[in-house]
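Starting from the structure of chain P, add chain H where the hints point.
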Amino acid sequence: MDDLLQRALPVIHSTFQSYYRLSEKEAQEAEQELAMWFHRFSRRSGIAQTPVRSLTLSLFLAACQYGRSLQIWKHEGGQTDESLARALAREPGDLASELAARLERGT
Amino acid sequence: MGARVLRFPLKPISSDEGIIAARQALAVAREERAARTFELRLEEPETLLGVCGLLRTQLETSPDEVRGDAEFFYRFLELPRRSVGVLDEREFFLGETALIAGTACRLLSRREDARRWFDRSEAWFRHTVNSVADWSRLSYQRLALRVETRDFDEVLELVPLLIESFEKLEMREEALKCRFLEGIVLMEADQPARAIERFRRIRAGARSLGNDQLLGTALTNLVQLHAALGEAEEALDASRHALLVWKRLDNRVGVAKVHWGVGDLLRVKGQPSSAIEAYRSAQTEFAKIGMRGDVAALQLVVADLLLDLGEDEAARGEILAALPAIDEIQMVPEGLAALALLRESVRGRIDRQALRELHGYFDRPSR
Chain P
1 MDDLLQRALP
11 VIHSTFQSYY
21 RLSEKEAQEA
31 EQELAMWFHR
41 FSRRSGIAQT
51 PVRSLTLSLF
61 LAACQYGRSL
71 QIWKHEGGQT
81 DESLARALAR
91 EPGDLASELA
101 ARLERGT
Chain H
1001 MGARVLRFPL
1011 KPISSDEGII
1021 AARQALAVAR
1031 EERAARTFEL
1041 RLEEPETLLG
1051 VCGLLRTQLE
1061 TSPDEVRGDA
1071 EFFYRFLELP
1081 RRSVGVLDER
1091 EFFLGETALI
1101 AGTACRLLSR
1111 REDARRWFDR
1121 SEAWFRHTVN
1131 SVADWSRLSY
1141 QRLALRVETR
1151 DFDEVLELVP
1161 LLIESFEKLE
1171 MREEALKCRF
1181 LEGIVLMEAD
1191 QPARAIERFR
1201 RIRAGARSLG
1211 NDQLLGTALT
1221 NLVQLHAALG
1231 EAEEALDASR
1241 HALLVWKRLD
1251 NRVGVAKVHW
1261 GVGDLLRVKG
1271 QPSSAIEAYR
1281 SAQTEFAKIG
1291 MRGDVAALQL
1301 VVADLLLDLG
1311 EDEAARGEIL
1321 AALPAIDEIQ
1331 MVPEGLAALA
1341 LLRESVRGRI
1351 DRQALRELHG
1361 YFDRPSR
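Chains as they are written, first to last, in the numbering used here: chain P, 1 to 107; chain H, 1001 to 1367.
One chain only, chain P, in its complex shape (with noise of 0.2 Å):
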């Protein structure tokens, strides 16, 4: 769990940043809370049988939705540039399968 953690979490830091646009310390912030969602998801019932691929897919998939919903939290009712309108309309999980697989080229 902490090996896949300290492996996704360049990815994610960086997702954070420039497709979400959370500043450095949002992005901080927010790697430490999906840190303790993530030691506590993984010991959910029926998760321990599940394998890495699904749980990195699910790692992804709470970071996007976390980037997602705090940048449409700060610009609610507001203006947002194109590229960062776009980011916001992507569904998470499309862009969470991406950087599974980003992760698992890498590897």
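These are computed hints drawn from the structure, not numbers from a lab. Ideal Cβ placement from N, Cα and C applies to all residues, glycine included. A portion of the hints provided could be inaccurate.
Residues on chain H that point at chain P, a partial pick, calculated with CB under 10 Å [what the hints assert, rightly or not]:
1. Glu1046
2. Leu1049
3. Cys1052
4. Gly1053
5. Val1086
6. Leu1087
7. Glu1089
8. Leu1099
9. Ser1136
10. Arg1137
11. Leu1169
12. Arg1172
13. Ala1204
14. Gly1205
15. Leu1209
Here is chain H on its own, set in the frame of chain P:
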């Protein structure tokens, strides 16, 4: 100037502390818990994770207690809306406590309540990160409920789909549990040879996964199947192994079901008095756990044996004692006709056919 009490955020607790907090929370009477939310750390996800784990392990031992506690935590999380953990954690705990409450209701033969809890669980699991796996676990419980209501055709149609879903998710234990349902349907459909073959494979699978719960359940069903066929050696061998597993797990339902199987064997072997003794041990265990449906089913089985022994009055007593519990649990429609016939006959000459049909409609195999 008015004073305002500020609640400072507490330092998150570790997983070990969460289990201790969960034990403490469950030890406090339900009606006092909510008032001690802060002290008992009830909103901590680690505490809730510990609570769910503890309740799951107690499902087979104290289903009525588990039902009450799972309902308490569900209501606690539902209203007022509480901020629990991050991301999907509140939704997960609502879905999970509803699933546990529904499973407990299923074990207690409260089928309508079980259905309602499963619907609630589904609604919350819709929002979890791992919703496919969560839904699949819920679907298993729904199918198990369908076995109990004897919707065998539907079970046989849906089980392969669920197995496929678990195999895609690489959840091998859950897939194996689904194969149980197939085995149970074969048992109920009076195909003992195919059912034995199925449970032997499940036994091997459970051993290779190191899953004692599944192993004990497979062995218990093998006891019942061999007993029904009068295969004493095989039945007793399976019962010895099953009892070892259940005692190790402190699983009283398992122990009771093995005694039931031994009773069946003694009955088939023409030893009614010893059979009644074995059934009584099973009954005592079920009564302690609050499984009224099983207690009532055994009362009918014992009544049938007492009639064989010519003890009509004692048999009548057993039937009259079983009827209130049968009225309370949700009997399948086919069983209602047999129940009506039995009720009508109980004051005069007892309708053996109705009696046998009726105890056939109760939950029997282990799952």
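Status of each hint after checking the structure:
no.: 1; hint: Glu1046; in the structure: 7 Å, holds
no.: 2; hint: Leu1049; in the structure: 6 Å, holds
no.: 3; hint: Cys1052; in the structure: 7 Å, holds
no.: 4; hint: Gly1053; in the structure: 8 Å, holds
no.: 5; hint: Val1086; in the structure: 5 Å, holds
no.: 6; hint: Leu1087; in the structure: 5 Å, holds
no.: 7; hint: Glu1089; in the structure: 7 Å, holds
no.: 8; hint: Leu1099; in the structure: 8 Å, holds
no.: 9; hint: Ser1136; in the structure: 8 Å, holds
no.: 10; hint: Arg1137; in the structure: 5 Å, holds
no.: 11; hint: Leu1169; in the structure: 6 Å, holds
no.: 12; hint: Arg1172; in the structure: 6 Å, holds
no.: 13; hint: Ala1204; in the structure: 18 Å, violated
no.: 14; hint: Gly1205; in the structure: 13 Å, violated
no.: 15; hint: Leu1209; in the structure: 8 Å, holds
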